[in-house]
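Number of protein chains: 4
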Amino acid sequence: MALPPDLLALAAEVSNWGRWGDDDELGTLNLIDAAAVARGLAAARTGIRFSLAIGLDANGPQLGTIPGRINPLHTMVAINMAYTGDTDDCCFSDDILTMGLQACTHWDGLAHVSYGGLLYNGFSASSTTAERGASRCGIEKVRTIVSRAVLLDVARAIGHDVLPAHHPISEADLDAAVGLAGVAIEPGDVLLIRTGQMTYLKARDREGYLLSDQPGLTTHTIGWLRRHDVAAVAIDTLAMELHPGEDPAVLFPVHAIQIRDMGLTQGQNFDLEDLADHCASDGVYEMLLVANPEPVTGGTGAPVNPVAIK
Amino acid sequence: MALPPDLLALAAEVSNWGRWGDDDELGTLNLIDAAAVARGLAAARTGIRFSLAIGLDANGPQLGTIPGRINPLHTMVAINMAYTGDTDDCCFSDDILTMGLQACTHWDGLAHVSYGGLLYNGFSASSTTAERGASRCGIEKVRTIVSRAVLLDVARAIGHDVLPAHHPISEADLDAAVGLAGVAIEPGDVLLIRTGQMTYLKARDREGYLLSDQPGLTTHTIGWLRRHDVAAVAIDTLAMELHPGEDPAVLFPVHAIQIRDMGLTQGQNFDLEDLADHCASDGVYEMLLVANPEPVTGGTGAPVNPVAIK
Amino acid sequence: MALPPDLLALAAEVSNWGRWGDDDELGTLNLIDAAAVARGLAAARTGIRFSLAIGLDANGPQLGTIPGRINPLHTMVAINMAYTGDTDDCCFSDDILTMGLQACTHWDGLAHVSYGGLLYNGFSASSTTAERGASRCGIEKVRTIVSRAVLLDVARAIGHDVLPAHHPISEADLDAAVGLAGVAIEPGDVLLIRTGQMTYLKARDREGYLLSDQPGLTTHTIGWLRRHDVAAVAIDTLAMELHPGEDPAVLFPVHAIQIRDMGLTQGQNFDLEDLADHCASDGVYEMLLVANPEPVTGGTGAPVNPVAIK
Amino acid sequence: MALPPDLLALAAEVSNWGRWGDDDELGTLNLIDAAAVARGLAAARTGIRFSLAIGLDANGPQLGTIPGRINPLHTMVAINMAYTGDTDDCCFSDDILTMGLQACTHWDGLAHVSYGGLLYNGFSASSTTAERGASRCGIEKVRTIVSRAVLLDVARAIGHDVLPAHHPISEADLDAAVGLAGVAIEPGDVLLIRTGQMTYLKARDREGYLLSDQPGLTTHTIGWLRRHDVAAVAIDTLAMELHPGEDPAVLFPVHAIQIRDMGLTQGQNFDLEDLADHCASDGVYEMLLVANPEPVTGGTGAPVNPVAIK
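Chains as they are written, first to last, in my numbering: chain C, 388 to 697; chain E, 388 to 697; chain Y, 388 to 697; chain A, 388 to 697.
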């Protein structure tokens, strides 16, 4: 079902179309200005680093329910191969990776979602083709993502290790997590939202991770994100948003409005567990985040190995 | 031909086997300590960012001369697909990437090279298999690469836009570039070595980039790198080392000794052009480098979208 | 440039739309009736078999000029792998293939070509999508191709080992080859048309095979094929038709009319060399052809390992 | 566990090593002589054709339990793409397939299995490498498979629609099926053995097809196959043999002995349902089989779209 009138009104309200010019293909990533980068660099105090990526392998989260979005397949084309045939010579091992760009820890680019025939900023959805991929809003146009990030540990903030199945994250939940973090969200920040759902995947329970009624963002938090002018949002679930949604007849309204109307780059399947433990222990929830997507030309998303530096 | 006696002696001299324990799989990346990270963070003064990756697409540098190392192939599995069939609903585009892990901008992991049946730190080369890839020294064990980097613009330092074909980089060349940079190399630094060869690829001259007699590092510089205890080295060519080598009968001696004996992680096909122009203009050649490899489980290398932050 | 009026008139003249019903997705393959199969079986007199496929490997004909149509990439996922770790147990080797469906010896299915927004039989071109591939005229609907084939050795018939570069095959050429074959073409036959161009590829001269001005069928032969009501046509070139075409401004008119209007399944990159030598030696140019495409669901073409049995 | 003494004795007894020369890489396919082909051709009486392949798509039988053996992934690289941008011109759709060679209907080549470091005919198992695949016994060396086939409908012969779970096929079962077929098995015949297990897959019950205790051939039938000197055997299950085996500690003994010692090419995941119904209705169980594997250079197996012609 198409977005109902109230959500269309919300979409119009949070829209960033034209805000950075008619040709803009970056959306809220434009909010990462010198101040945001400086704030990020200043947040890196101890140099402790956390990789937020899950491994790229057959144990990825995909179960075949999303057609074509396969887990990474790693194959070998050379194993200690000596060009000369003599293994006392320099021998090389080479490998190939085939993967769904949205399969593991990744950014959804702005070409990932459309409705009504339009992408972010009013670009025609037909600008994405089999031959070229996304000729508008392709992920390769995002050269770098470097900013201050704030961990919003929603689960911990409201008293859970893992949010209950199908918990709808509310504005109050986000405010509680900001309270726990003890920092004010500023324009250009990247938010890392923790539900704890990743613990299922880390325990090799893919069904629990993927198929359970996933907790997640709701349409009620979109306005909050827009008011805070965040540059990007990443989460530790596959769907990012509550799934199934509050109105099961409306499919993925958070994706629709955040990506297409707000122009908000979204991260999914981020592993926030070690980082969250550390933040809980030292009480510091801000950090430098460097999370450049792989520059897949025409990609509608891309894998990323983000690092949070505290 | 196997390494001749003088190179075997050099290999023994620069060896880091055992230096970080018998189980170490990270090699010189161990040199990235808190001081190196702090030095890197301190080097990020203005927040200006340079992505050092080339695009992942069919225009990558591979020409088929290295069997199986294919350029990225980007294909679509969904284009504005409405689960409901109604394009006023949220529509999704999804894509697949197939690529050689060593095809574009990448790190060579320590499992990429062996000789005499051994990998770095004496691990058996047979630890790499078709089923598991590299079970020792797999690239996924490198979670993050964050340190200070110094751009060694060898071409500019010795008066070239692009090093002449087959120019053998010497210790004197490196010293000249350090002189131009005006910083002392410290343990744990990452070196970005510029030959200018990338200008060919950026001009869509793949043959010029790949097949010309490539300038590059020689065995004479290995000791220099070891004495400076650098954490990693990246370059703007495909072969990294002079190719063909000084003794054409000895294949890839720099790879052999740097990776297998020193345990030095190597980056190739880095695009240093914009960064180099900026360094030349402001005279500052140090920066924060964040260059996490994609965590391909068992990968003998991995693509990376590095960012240099000045 | 769109088809000019004379070619549109030809397209209308040879059209098979509606001939086998409005839902037909097989086109001229419907002409393979019991008589054609019986004729094919009767033509298999000695049991001598010729595989007409080239190997599936990196030496395939593609040079990167057709975006995305990559040569077969063969990678290993298991090599003598013992589940138990004991190689005295049963050990398995497994492998993966990635390839362009139109890269090597293949059939072009009827969804491979459209113009004016329509496929064969008036199906909308939009029935082919990234999610499902060809939902109309997918190659999987062709379960088997079994019929009598006749080798039309055009090159030999008009006095060449290999047709000269850019030789436009005419009706007279086809008649000459039929004369050489000494058999009357009957409805439902499959024609194997030899130019000799494959000798370049077999000599590892891909540029000669692919990039030379290729000899091939012209629009002047389309009516001939239609009048003879052949079931399918295969050839030993990549383009099938004269390339560049007689009017360089009209791209691939033979593909356009044969596939979209006639509904003629086309085979390309067939290796007819050994078969042609045998036919020349015994003077028998008819045979049983079994050439089932791989049943790729939604495929717009498919690889095939055809066998001619004389 | 390695093969126990009784099975090693059986392996020696049925061995075909050296029978067709020390360089032979075809094994029992050598038994397809002119008489076998002629017998096959003579068995094609009515021209009715049955494709025995399942579709190549994401609904294939693989569930991820066999590492790396992925179901076919079909992706698009062009959809009605006009080189000129004008869709009134000839437009092309092109696609890519990535698949495990052993994922769907396929032949296991003789390089698929080794034990004790040896392949069929004593070739070293190390002849299979990541760089080249199988340099010995690669599937591309099997150019064609054309012979008489006999359907052995074991299920029907012993009174079942589908063999019970974990039914061990015995010599008596095979004899019963031969009795039902009413033909004498002759050297060079190909046997199509029906368990009925494919009905699960056709009902989209992959778990039932793949994970149930699969009925199949046992080591007790190996001698029978050897005495009858069959050229190849294909079946309608994934494992071919009883799985788990009679002695669960001995993994895949039928594969081990049939492929490595006898040199018997094996077919799996053949869809025999329609063919079996037809044979039951007309009482004729012999046919011409044409089942050329795709010529994947160095492949340890290959997909095939077999056709049975009655």
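Since the hints were derived computationally from the structure, they do not count as laboratory data.
Wrong hints could be hidden among the right ones.
[To be verified] Below, in silico cross-link-like pairs of lysine-lysine (BS3-like), each with a Cα-Cα straight-line distance of 25 Å or less:
hint: 1; chain 1: Y; residue 1: K589; chain 2: A; residue 2: K589
hint: 2; chain 1: C; residue 1: K528; chain 2: E; residue 2: K589
hint: 3; chain 1: Y; residue 1: K528; chain 2: A; residue 2: K528
hint: 4; chain 1: C; residue 1: K589; chain 2: E; residue 2: K589
[Claimed, not checked] So these bits of chain A aren't anywhere near chain Y, every CB distance computed over 10 Å:
hint: 5; residue: R406
hint: 6; residue: A521
hint: 7; residue: E527
hint: 8; residue: V549
hint: 9; residue: S557
hint: 10; residue: A568
hint: 11; residue: P574
hint: 12; residue: A643
hint: 13; residue: P690
Ideal Cβ positions, reconstructed from N, Cα and C, are used throughout, including at glycine.
inquiry  = Hint compliance check: list the failing hint numbers for this structure, sorted ascending.
reply    = 1, 3, 4, 6, 7, 12 and 13
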